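Top line first, the protein sequences correspond to chains S and D.
So for the first sequence, this note's numbering puts the first residue at 1; every next one is plus one.
So for the second sequence, this note's numbering puts the first residue at 1001; every next one is plus one.
Hints are all accurate, no fakes.
The calculated label-pair distances, taken between Cβ atoms and stated as ranges, are:
| hint | chain 1 | residue 1 | chain 2 | residue 2 | range |
| --- | --- | --- | --- | --- | --- |
| 1 | S | His114 | D | Val1051 | 41 to 47 Å |
| 2 | D | Leu1112 | S | His114 | 26 to 32 Å |
| 3 | D | Ser1058 | S | Gln42 | 25 to 31 Å |
| 4 | D | Leu1083 | S | Lys58 | 39 to 45 Å |
| 5 | D | Val1015 | S | Ala54 | 46 to 52 Å |
| 6 | D | Val1051 | S | Lys69 | 26 to 32 Å |
Looking from chain D toward chain S, a few residues come up when the C-beta cut is under 7 Å (computed):
| hint | residue |
| --- | --- |
| 7 | Leu1044 |
| 8 | Thr1097 |
| 9 | Gln1100 |
| 10 | Gly1106 |
| 11 | Pro1107 |
Don't read these hints as lab results, they were simulated from the structure.
All figures in this text were calculated on a predicted structure; none of them were measured in a lab.
Glycine included, each C-beta is placed from N, C-alpha and C at the ideal position.
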Amino acid sequence: AQSVTQLGSHVSVSEGALVLLRCNYSSSVPPYLFWYVQYPNQGLQLLLKYTSAATLVKGINGFEAEFKKSETSFHLTKPSAHMSDAAEYFCAVSDKAGGYNKLIFGAGTRLAVHP
Amino acid sequence: SQTIHQWPATLVQPVGSPLSLECTVEGTSNPNLYWYRQAAGRGLQLLFYSVGIGQISSEVPQNLSASRPQDRQFILSSKKLLLSDSGFYLCAWSPGTGPQETQYFGPGTRLLVL
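Next up, chain S with everything else stripped away, as it sits in the complex (with noise of 0.2 Å):
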């Protein structure tokens, strides 16, 4: 079964500093992977989706993630933090069970951008 590891529960960064927030997969077959972030008291919202079309994905706000087979990995970048990212982040791996496709989240990373 497929499953998703996010290094780091708590993420800090000051504002204009890089943005990186880890993601790793296991997978028995070509991944498709998300990227999803979480406002407080929010539902989740699409930053980006690998779909094997290209590597590098570009996403909203600024966001972009890398998908590295030979790493099993796809972490999430942006070059300069803002405030409003303030954010928790998840990663998912879509997985396929009892005829039916699903997606498996990690733990998910609480960024927090400081002035």
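For chain S, the structure is supplied; the task is to place chain D on it using the hints.
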């Protein structure tokens, strides 16, 4: 455009009381629908999945049940709440069944069982 609604936004219930959370989707037809639970400090756990009216798949045995009485309506229920049912409940929909399909999430319902 498609929108997804959940209500109530917040709910405080005593142990042993019943529960009904509702989710509706607008602007699409025959969506796949999902119920997730997010416990404090943890990721999301898929509870139920539905590909059509009356078709419900359960991911884990628990105190909860789900129903889909209409194409774009998904209801999460319990006859008797437990303390462990507290959490943030998220409904989501996707347009298809492929592994590349994006799931779109509602605003969530925060449930506190006392």
